[in-house]
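Mind docking chains B, C, D, E, F, G, H, I and J on chain A? Use the hints.
Residue numbers (my numbering), protein chains in the order written: chain A, 1 to 140; chain B, 1 to 140; chain C, 1 to 140; chain D, 1 to 140; chain E, 1 to 140; chain F, 1 to 140; chain G, 1 to 140; chain H, 1 to 140; chain I, 1 to 140; chain J, 1 to 140.
What the hints contain is simulated information worked out from the structure, not anything from laboratory work. Don't be surprised by glycine CBs; every beta carbon is placed ideally from N, CA and C. Some hints could be false.
Unchecked claim - A few chain B residues that face chain C, going by a derived Cβ cut-off under 10 Å, partial list only: (1) 28; (2) 105; (3) 106; (4) 110; (5) 111; (6) 112.
Unchecked claim - Label-pair ranges, simulated between beta-carbon atoms: (7) F:101 to G:99: 53 to 59 Å; (8) B:12 to A:102: 32 to 38 Å; (9) J:81 to I:67: 24 to 30 Å; (10) J:115 to F:64: 32 to 38 Å; (11) C:112 to G:26: 41 to 47 Å.
What the hints assert, rightly or not - Sample of chain F residues with no beta-carbon within 10 Å of chain I, all distances over it, derived: (12) 15; (13) 21; (14) 45; (15) 46; (16) 86; (17) 111.
There are 10 protein chains.
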Amino acid sequence: MLVQCLYASRATTPVDDAMLQGVLEPSRERNMAEGITGMLCYTDDVFLQILEGGRTEVSQLLTRIMRDDRHSDVTLLVFDEIDERAFSDWSMGQASLDKVNPGHLLRFSPRRQIDPFNGPGHVMLAMLLDLRAHGGIVSR
Amino acid sequence: MLVQCLYASRATTPVDDAMLQGVLEPSRERNMAEGITGMLCYTDDVFLQILEGGRTEVSQLLTRIMRDDRHSDVTLLVFDEIDERAFSDWSMGQASLDKVNPGHLLRFSPRRQIDPFNGPGHVMLAMLLDLRAHGGIVSR
Amino acid sequence: MLVQCLYASRATTPVDDAMLQGVLEPSRERNMAEGITGMLCYTDDVFLQILEGGRTEVSQLLTRIMRDDRHSDVTLLVFDEIDERAFSDWSMGQASLDKVNPGHLLRFSPRRQIDPFNGPGHVMLAMLLDLRAHGGIVSR
Amino acid sequence: MLVQCLYASRATTPVDDAMLQGVLEPSRERNMAEGITGMLCYTDDVFLQILEGGRTEVSQLLTRIMRDDRHSDVTLLVFDEIDERAFSDWSMGQASLDKVNPGHLLRFSPRRQIDPFNGPGHVMLAMLLDLRAHGGIVSR
Amino acid sequence: MLVQCLYASRATTPVDDAMLQGVLEPSRERNMAEGITGMLCYTDDVFLQILEGGRTEVSQLLTRIMRDDRHSDVTLLVFDEIDERAFSDWSMGQASLDKVNPGHLLRFSPRRQIDPFNGPGHVMLAMLLDLRAHGGIVSR
Amino acid sequence: MLVQCLYASRATTPVDDAMLQGVLEPSRERNMAEGITGMLCYTDDVFLQILEGGRTEVSQLLTRIMRDDRHSDVTLLVFDEIDERAFSDWSMGQASLDKVNPGHLLRFSPRRQIDPFNGPGHVMLAMLLDLRAHGGIVSR
Amino acid sequence: MLVQCLYASRATTPVDDAMLQGVLEPSRERNMAEGITGMLCYTDDVFLQILEGGRTEVSQLLTRIMRDDRHSDVTLLVFDEIDERAFSDWSMGQASLDKVNPGHLLRFSPRRQIDPFNGPGHVMLAMLLDLRAHGGIVSR
Amino acid sequence: MLVQCLYASRATTPVDDAMLQGVLEPSRERNMAEGITGMLCYTDDVFLQILEGGRTEVSQLLTRIMRDDRHSDVTLLVFDEIDERAFSDWSMGQASLDKVNPGHLLRFSPRRQIDPFNGPGHVMLAMLLDLRAHGGIVSR
Amino acid sequence: MLVQCLYASRATTPVDDAMLQGVLEPSRERNMAEGITGMLCYTDDVFLQILEGGRTEVSQLLTRIMRDDRHSDVTLLVFDEIDERAFSDWSMGQASLDKVNPGHLLRFSPRRQIDPFNGPGHVMLAMLLDLRAHGGIVSR
Amino acid sequence: MLVQCLYASRATTPVDDAMLQGVLEPSRERNMAEGITGMLCYTDDVFLQILEGGRTEVSQLLTRIMRDDRHSDVTLLVFDEIDERAFSDWSMGQASLDKVNPGHLLRFSPRRQIDPFNGPGHVMLAMLLDLRAHGGIVSR
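Okay, chain A solo, but in the shape it has when bound (with noise of 0.2 Å):
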């Protein structure tokens, strides 16, 4: 069974090159071998994730993620079953959204600054989407 997930989460510390390494690497192998697909969005002190895969996989994902002291408020957006993955080709794609041109978080958002934890978790999730779609991935 494929789920799709995202949550939105707090850093507890400052988000910067090392910091995003450091939770991006360990995982990279196991993401691969258990099949997570998937974006990782982030400002300064914000994370925003989705994450494809087993539902099973994904929901042993999320508990690191619950458990590791990185994240801090930890909220679940979305969590549907799919037929099929909107990220299959992406072991992980990153995207800071400080370098996002802020019109495009206006056309989603109340405010030119992103607030994941306010507002329906399908509009943030089409804001997602929608950056992808015009190429504001720093990676895959």
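This is chains B, C, D, E, F, G, H, I and J only, laid out in the frame that chain A set:
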């Protein structure tokens, strides 16, 4: 929560460039800061304005307009929760409806003159979106 | 409130150019002023006319037609509230149905001759919109 | 082809019993013979009538009404092809809208007075069907 | 054109009986004359009001409320064109939300306290209709 | 924003009354304060729990569960934004699935034993709602 | 493959009891054997018959009817593949439409006389099903 | 009233050019005059014909076919009221199904041979429209 | 994953009580253990069986049936993934279709004899559910 | 009646070219004669085959497969009545799923390895249609 609002009002003094700038200028910075986008259309004596933004911010702006003596007969035509803005790139567009080809108005109105105080709100909104699509807007 | 109306009638005298202009000319200015648009189709002895405009104005024009001795058997085929006109650029188009390729009529009719007094109104309307799309209209 | 038609008109002289019978009596036999059914509602100065029957017969009756000097401002509100009549048991019901509980009118109208010349036709029709269902009809 | 409007506001002084009558009394006759119906709900410091009526009349009343110093943070939640009123029998019902069983609020809210400034407008409207159906209204 | 969440987990020690009260008691007051409602179902070694409440509160509770050593293999089955709770009257119902008529389980499962880690989440949710409707719940 | 068929025809000699039995008797046993069910309605000079059964059997029966000199102007009104018969309990019901309350006919017809050769087939079918539901059938 | 009809029949003598012209020629002028259009497909021993036109005219033609000794086992497959013809430009197209690529038949049939007497009528119709779209028609 | 399966087969020897028990008895315990439910219908020479259960278990049972020499011409009619069983209370119901009122069969069949090898699978399924609802089942 | 069937099975001996031809060759002529089309996919030890054709013919072929000792664990995934084949040009395509880009499998599967015995049948079917569209098929 994003909303889209359309209202019509009568100008208590004739609308000219000075008056118009008096209406638009002071709110420009505030709108920008509060994430308000939209379009202001006008004739000699009528305003017709689309406002998009957070529900709180749009309600506050509507309150300022209803308290503003330059407007009378402020009448709500459309107020909807939306997932996505239609005017995310427009801090506040302007369009003089007196300069528009009357044929454009006729497509949505019984007469060649615009009368926003009658007829369904969604038809008036369709007319404004049609105007924007056909390029009758002075500036953003 | 915008409406679209289609009616058929029989001409009490044979339809020729003089008669036709007698029907169209006097109402041209009035239609323009009252925001009436549409299309008048005719054969030797039948009128088939689409009227668009405000509900009041279209009802008044329909009353004048029903009182006009040049028309008999005035029969309503379609009367609908609409959001948008189909003929906003046409003060009143004309089309001689006798000059139309019979194959066009056959697509919507049991026979090659037009018989607007039978069959559903929306089929007759579809035939007229198809004729306009394929260019069989004399003038606007 | 069965149709249902709703129109409103203004009475050119005050509506009283004598006037009403003058309107209804002469047409009673003809309506019966031509298969016309429906309901005539009225106030002091307004008629609101539902007509059901063959398209030809209803169009002829509408023509007679539009030519009748006792009616002015005849305005079409609804004209639809139907599969089944709503008033097959009514040769022509009557209802004095002045005697109706104003609360009934208010459910479908902005004000306690009836104003059939404004508002969508299908709302006016819903009000009349609601009146019939709640028994405000004088006779059939 | 009938509309239904729901707004929330904060009371600038604590809501008690005297204050409430000061709000309701003066407008009672005017509402009656202008065909306004609906329901006013309140807690110690919040108003939540449904207004139904003609679009012009409801817009005028909303303007008076937005100008009234007893209200602050007036926030629109719902504004829709409707065919039929839900409160045609209510000149203006009243309901003290502090006296309502918290379980009723919980059905539609994250917490046992009401917070109309968050959450979708149609959910708040559903809660009020549910309250009315279960009899928590003081008077009409 | 209200959400409804269903998850399954394995108990790391056999589920008995003492263990169950150890799970439920400490959270009772907190759930009440935070507006969490729902139902906890269990067998000898499996938990299956519906959580309803604000999105933030449910996410926090889910985080505590994922960090709780009495649960392993926590697996999300359903997570949806809802307009209305299904369990607004239940601070946290309990149901021993071992005591349920196996025929009830069979209606939604391939075998007479429950296996929440397989099959679509909405089917497992339908089974629990069916159980509640047929009275297999111990207490609220 | 089950089908339902409705046709109308004119009787070449006046319909009386003898003629009717001449039409129905010879086919009774054959219909039974071939699984044909339905209803035969008639006036002085018109037949209107619903036939249900296998597609082959209904087509063969229709061929016999079209070759039968007692019928002229046989006109197909409805021919549909169906999952379930409406007349599975009727070897062949009979109904004299001349004995039916004219009000029943009027509900579906422009006039009090039945005219099956005009109007949509599904309306004629609805009229016959309505007749059966209201008990106007002589025998099965 | 326009209808579309599809039937299949068996030829009582082998179908060859002479026989085919004997079938088509005599009816050509009559079909033209009566507004019949469509397509005749055939194999060595089967006819499959689409007829479009007025309901009366198509019923009369079907009666002539059912009485024609060159056809046996005439079986109705489709009979529908339509708004628009699919073959308005075809007085009567012809297609030899024996010359068609068997792959085309296989798309809609269990076997490479055509067997119109089995299977749903709308599938046989879809096959013929597909054939026409791919150019397997001899002449119009 | 729950599935529902309907197949028909021919019995290679006449169906009598001994033969039937030979078919049903040995599988009773196994079906119970494997969570198979459903209904076996039969005539003198035909079996028609609904199987519900896990996809694996139903496929295994179907394989055993297809390998069983007492069945020939095993033909699949319906195979669907389902959320909920229709026969959760039936280990395996039995129904002799020879004892059923032929009128019941006729409702869904061209003839009074049952012929499950022709016609759409969902119609045969509807017939069996209709039989169960009307009580023609011998035992569970 | 056309059907489309998808099943999975395990090979009882490793799948190699010789074994594969042993499976495909003998049935080639028979499939052609019986109008069976489709696609056979395989890995080292799993078969996944789409079969299209008449319901009788596909059921017979499925019976042969279920009786064939080279297959074990034959599991039905999809069985639907269809109007049109998807593989009418394919006597029996072949595709080695081991040679397919794992990314293609990942789009529809929790892991990079194919596991047809889990997950909904329509998702497995979508994966095979996607493979065909992207050209991973060896021969027809």
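Now the hints, each set against the structure:
A hinted interface residue such as residue 28 of chain B counts as satisfied when its beta carbon comes closer than 10 Å to some beta carbon of chain C; here the least separation is about 33 Å, so the hint is violated. Nearest Cβ of chain C to the Cβ of residue 105 of chain B: about 9 Å, under the 10 Å cut. The hint holds. Satisfaction of the interface hint for residue 106 of chain B is found here, the shortest Cβ-Cβ separation to chain C being roughly 5 Å, below the 10 Å cut-off. Annotation: residue 110 of chain B was flagged as interfacial toward chain C, and the flag holds, the nearest CB pair being 3 Å apart, inside 10 Å.
A least Cβ separation of about 4 Å between residue 111 of chain B and chain C falls short of the 10 Å threshold, and the interface hint therefore holds. A cut of 10 Å between beta carbons decides the hint on residue 112 of chain B: the least distance to chain C is about 6 Å, and the hint holds. As the Cβ distance of residue 101 of chain F to residue 99 of chain G is approximately 57 Å, the hint placing it in 53 to 59 Å holds. A hinted range of 32 to 38 Å holds for the C-beta pair residue 12 of chain B and residue 102 of chain A, which are about 36 Å apart.
Between residue 81 of chain J and residue 67 of chain I the C-beta distance comes to about 25 Å, which sits within the given range of 24 to 30 Å. Between residue 115 of chain J and residue 64 of chain F the C-beta distance comes to about 34 Å, which sits within the given range of 32 to 38 Å. At about 43 Å, the beta-carbon gap between residue 112 of chain C and residue 26 of chain G stays in the expected band of 41 to 47 Å. Here residue 15 of chain F stays apart from chain I, with its beta-carbon at least about 24 Å from theirs, past the 10 Å limit.
At roughly 33 Å from the closest C-beta of chain I, the C-beta of residue 21 of chain F stays outside 10 Å, upholding its exclusion from the interface. Against chain I, the non-interface label of residue 45 of chain F holds: every CB pair exceeds 10 Å, the least being about 20 Å. Its beta-carbon lying about 18 Å from the closest one in chain I, residue 46 of chain F satisfies the requirement of being farther than 10 Å from that chain. At the 10 Å boundary, the C-beta of residue 86 of chain F stays outside the reach of chain I, the nearest C-beta of that chain being 18 Å off.
For residue 111 of chain F, the requirement that its beta carbon stay farther than 10 Å from each beta carbon of chain I is not met, with the minimum near 4 Å.
The structure does not agree with the numbered hints 1, 17 stated previously, though it agrees with the rest.
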